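In order, the protein sequences belong to chains C and V.
Under our numbering, read the first sequence as residues 2 to 368, first letter to last.
Under our numbering, read the second sequence as residues 14 to 316, first letter to last.
Careful, some of the hints might be misleading.
[Unchecked claim] Which chain V residues face chain C? A few, computed with CB under 10 Å, are given here:
#, residue
1, Val51
2, Ile214
3, Ala217
4, Leu235
5, Lys309
6, His310
[What the hints assert, rightly or not] Within a straight-line C-alpha distance of at most 27 Å, the following computed DSS-like cross-link-like pairs (lysine-lysine) qualify:
#, chain 1, residue 1, chain 2, residue 2
7, C, Lys226, C, Lys303
8, C, Lys318, C, Lys307
9, C, Lys216, C, Lys226
10, C, Lys226, C, Lys151
11, V, Lys227, V, Lys211
12, C, Lys216, C, Lys303
13, V, Lys309, C, Lys125
14, C, Lys303, C, Lys332
15, V, Lys100, C, Lys125
16, C, Lys151, V, Lys100
17, C, Lys105, V, Lys227
18, V, Lys309, V, Lys100
19, C, Lys216, C, Lys318
20, C, Lys125, V, Lys34
21, C, Lys125, V, Lys211
22, C, Lys332, C, Lys226
23, C, Lys105, V, Lys211
24, C, Lys332, C, Lys307
25, C, Lys125, C, Lys226
26, V, Lys305, V, Lys211
27, V, Lys227, V, Lys305
Hint data in this document are derived by calculation from the structure and do not stem from the laboratory.
Note that the coordinates shown come from a computational prediction; the quantities given were computed from them, not determined experimentally.
Note that CB positions come from ideal geometry on N, CA and C, so glycine has one too.
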Amino acid sequence: MTDSTNTAPKERSGIEIRNLYKIFGPNAEHYIEAVQNGMSKDELNDKHNHVLGLQNINLELPPGQISVIMGLSGSGKSTLIRHINGLIMPTSGEILYNGRDVMKMTPDELREFRRHETAMVFQKFALLPHRTILENTRYGLDIQGIDTAKSNPIARRWIDRVGLSGYEDYYPNQLSGGMQQRVGLARALANDADILLMDEAFSALDPLIRMDMQKVLLDLQAELKKTIVFITHDLDEALRLGDTIAILRDGKVEQVGTGQEIVLHPANDYIAEFVREVNRGRVIRAATVATPLPEGDTPLPKLRLKGATTLELAARKLAERDVRNATVLGKDGRPMGVIDMHTMLTAMVTPATVDDSEDEDSEEDAA
Amino acid sequence: MASSCWGLPELICQFPALPDKTLRLMRMGIDNGFRGIVRHYSDQIDAATRPLQWFLNTLENAFTNTPWFIVLAVILTVVWLASRSIKIVIGSAIGMCLIGVFGLWEDTMTTLAMVAVATMIAIALGLPIGILAARSDRFQSVLSPILDVMQTMPSFVYLIPVVVIFGIGKVPGVIAVVIYAVPPMIRLTNLGIRLVDKEVIEAADAFGANSRQKLWGVQLPLSLPTIMAGVNQTIMMALAMVVVASMVGVGGLGKNVLQAINNQFFTIGFLNGFALVAIAIIFDRASQAFGKRLQKHSEAGHD
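Just chain V, same shape as in the assembly (with noise of 0.2 Å):
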């Protein structure tokens, strides 16, 4: 050991850490106290969780069950709603009919289910917890770490704590998703309504808008193509996200991905994950054209 430090004494050699024992200790103190704390409010926990398994299955059954004609006509339509386009639709058809083909219909069912409602969910929290952030600076300096470290912490080390307090299934699978989507729909809500030019804001205040009036009336609408970007990211990270999730018992493309990567089966993981590529080109032009026709106004200039 002393070879590798040019025969320094040990204290300058390596940095003075804490003694094995005490880390042990530590280590097992903590995991042991949170498992304690778990298991003590485990039938509460479950009873949280209940009504999230309850949508979870209830719209994997919707979407597995259904005859496939009638869920790929349901899609389509949805996306020639949003984006009016028939380009995008005719792409989207040919997407589905292609992971249809190839056997993948049912796991793709699964996964849409999972990411329509890990995207509701990081929708509903993220749109309120932005609009916050956007009103208060304090709020903004104490959440934008909290975020950094939801983005940057590797997906599988707080797939721990989440295994730890609601076991393996959809569930945790649908929260580790929320965690990791979340980010992206809180910081550019904060964001497009910080950009909301100021001369408007102030013309609002002249006509005595109060801020109900305001966040409705300018902000909101006004930071649509931002929080719709927001949108379209958060999406898309949650089909990124899947994947990971499998580990924990989610279902669908992701878990065939996992078994693939296990077992070098080559063709089998690419396939699913093109399925998965597929599907997040459906929802990105989707969802950017229908950002975009919200925005027709901005469009036409007058020259």
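Okay, chain C solo, but in the shape it has when bound (with noise of 0.2 Å):
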């Protein structure tokens, strides 16, 4: 799993949006009052004949960071992350990164964002067909004009480094499903861009593809931290990859915060639906639920683990010792907490901070 302690230098920039608003429709410009004065996403689609695509949307994108955007399908967030790049352009709002309004570039400032700035991997792979592997992952850096004698070892690297060696003359049709997707994210990190936007990137995989080459972006952006956002309309890979998650829903956002933070407090009804299938062994971390160090010279439990672990994992550890407790420590690497088995069954059963409503539920299934 990610370690989350993720340092980012002081002087990168993440991406901020501001009270963005989009709606389709050819008189957009007309309704964008109405519609920040209140007027809802129904009333105006009826009334109107416009969609709302986004309302009031504010989310800071940490850099060097993962940041997933989750939602149904119809929720608008391949809309939202289409922004980003400037491929569809806001009714209002602003989307800044290091200072620039995305939506104020003139063509010439956007095309040269998009060249050096940001890279994008699609859902149905959009690689060229008529272009060999090696070709389309050097695609960005041909458009950019850099010469092939330089181009083809970085491209070369890049394929080496998703595990495509020896395909590289291959055409994107002669390769399955995850290999393609494989070819879009060596494209995408070829540009060596800060930004790199996934749109449901993995969503046309099979489950165990899916699980693989979320292992790989995990592993690249270990040592690449870039600032990416990711789509996605699964939660389980929202909880497995991202830093911090945003849901949206109807165009509008729910709740931010890390997975954590959305497994234990959802903020409304529709979140808790959500987040009630989740595995919360692979959410919630030791440190979240740990119980403060004892007072006085109470010896420590000789097992130590990191605040990072999660409690399957920690169960796992306390199971193969043997022992009952151990002692948790704090990102600076000195004990923090201690947890015991206890602690955490309960925490994976149900939640740390209980939901009534649920626990009766379970009792009156029981009955």
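Starting from two chains that each stand alone, build the complex the way the hints lay out.
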């Protein structure tokens, strides 16, 4: 799992989305004020035949982290990610990167921004069928006008990094879906852009291959520390990848937080519904449920666990060593709390912050 | 007259047309005006078509004056380079030899020169127009009725103004053939570019491709199969049109067919007709095989 204690260099800029609205339709400008003053999505659609794509999105996507934007189809997540590199222009609002507003860029500036600052991975791969894997991987570099003598070694290195060495001269449709998306990833990484936009990048893949690709991405990210915006409709994927997760519904942000925060404290019923089926043991970290260090000089348990250890892993370690409790270390590496089997089980089975209604449900089920 | 109309008054019986006199004046006015304009600019028109005339004559001379075995070798080499198929090359060799045996070699060369020039012009015009049409919906909506007219207007009809403007000879012939042959090139180029996968275009955009890079790097290569179908259609239409063009003084196989029609020479008609068919098949198979070869990346599936 990710080590969410990534420390990004101070200078780097994240992406800031402010008061973003997007209305689809021929006369979008005309209705923006009414929408800002509270006209509902349904009213806009029924009376004026315009579609409200996004309403009042405010998000900070921190640098060097994976920010997941999660939502079901029609929630506006794909629309939102396309705003970041200006493939879709907002009806109103700002997208700031390094102090510059993407919306205000001239076409030339936008092109330069896309060439050097962003790279994108697509749900259906969107590889160029007439180019070989090598040529596909260096596509972004070709667009930048970099000589093949320079770009080929770069492309080869990334093909190697995503595990496709030996396939350089194949054409995309000679490869399986999972392999094609590795090419999509290599193409994006070869661009050496700070921002990596991934639009449901793994959604078209089989579950096992998807897990595999998630691991590839996490391994690469541990080293590259890019600012990744990852779109998905799959909560498990969001929890696995996301340093922070924003949940989108009907073009509105419902909740923003870390995976733990969302699982432990869902902001409303909609999200509670979502997180019900989640395997908590893989989301909740030891530090979250650890009890404070005992007072005085009671000896601490010998087994030491990092604060970021998931409960599932912690439980396995305790079981392996056949002990009942362990010391949890803080970010500074010093003991910050103690965890025992009972606390862990409670947290994994029912939320640590007991949700009464759910408790009653389970009792009824038992009866 | 009234008897055919159940005794109805004339206004209801016959569609009220403009008076004969008005129509005659209108016809004469337009015709004379048109002729006047043409006469006035005849020097300029001649000057404008001179390069075309020269190009046509040079190519025709090259085809007809070169010894037959060299021409045959060149044709077969081109077919081989395009198709890389020994079957198509052998078929072409048999076809060309039969044409020679029946004494139609020289006429065939004239026709080939004509079709080659017309096709080149049609592609040179059709490709950029097709690209423009794909980029602008407004241009497409203006263009599409014009193409409809070009394709459905009987070719004999637009031979009339062509002859009035350019006179009799090869140049008006080529122009008539191009008018007839260019619509499929335009239409299929337009269609091909419009059918390119939106996701791939979006990917090109996302990587910062400008419109030139998108056109040459994505749109044209991906629409190549459709564009090649357009080239193929253009060649076929040009071959079909050379017979009609012989009415305005184009030589070659078409002229023989025309004579055969006028004199009811059954055998000559069919021999020349089959010679045209043979050329058409050679062109068709070679250009299709070429188009397919360009798409070799789409053939091999991964499983």
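Tested hints:
1. Val51: violated (46 Å)
2. Ile214: holds (9 Å)
3. Ala217: holds (8 Å)
4. Leu235: holds (7 Å)
5. Lys309: holds (8 Å)
6. His310: Cβ of histidine 310 (chain V) sits 4 Å from chain C, so the hint holds.
7. C:Lys226 x C:Lys303: Since the Cα atoms of lysine 226 (chain C) and lysine 303 (chain C) sit roughly 34 Å apart, the hinted pair is violated (cutoff 27 Å).
8. C:Lys318 x C:Lys307: Holds. Lysine 318 (chain C) to lysine 307 (chain C) sits at ~12 Å (cutoff 27 Å).
9. C:Lys216 x C:Lys226: Satisfied, since the Cα-Cα distance of roughly 15 Å is no more than 27 Å.
10. C:Lys226 x C:Lys151: Status holds; Cα separation ~24 Å.
11. V:Lys227 x V:Lys211: holds (12 Å)
12. C:Lys216 x C:Lys303: Since the Cα atoms of lysine 216 (chain C) and lysine 303 (chain C) sit roughly 31 Å apart, the hinted pair is violated (cutoff 27 Å).
13. V:Lys309 x C:Lys125: Satisfied, since the Cα-Cα distance of roughly 22 Å is no more than 27 Å.
14. C:Lys303 x C:Lys332: Holds - the C-alpha atoms of lysine 332 (chain C) and lysine 303 (chain C) are around 18 Å apart, at most 27 Å.
15. V:Lys100 x C:Lys125: violated (39 Å)
16. C:Lys151 x V:Lys100: Outside the cut-off at roughly 43 Å; violated.
17. C:Lys105 x V:Lys227: Cα-Cα ~23 Å, so holds.
18. V:Lys309 x V:Lys100: holds (19 Å)
19. C:Lys216 x C:Lys318: holds (22 Å)
20. C:Lys125 x V:Lys34: violated (69 Å)
21. C:Lys125 x V:Lys211: holds (11 Å)
22. C:Lys332 x C:Lys226: holds (19 Å)
23. C:Lys105 x V:Lys211: holds (25 Å)
24. C:Lys332 x C:Lys307: Distance of about 8 Å is within 27 Å: holds.
25. C:Lys125 x C:Lys226: Holds. Lysine 125 (chain C) to lysine 226 (chain C) sits at ~25 Å (cutoff 27 Å).
26. V:Lys305 x V:Lys211: holds (23 Å)
27. V:Lys227 x V:Lys305: With Cα atoms ~22 Å apart, lysine 227 (chain V) and lysine 305 (chain V) stay inside 27 Å; holds.
Of the numbered hints listed earlier, those contradicted by the structure are 1, 7, 12, 15, 16, 20.
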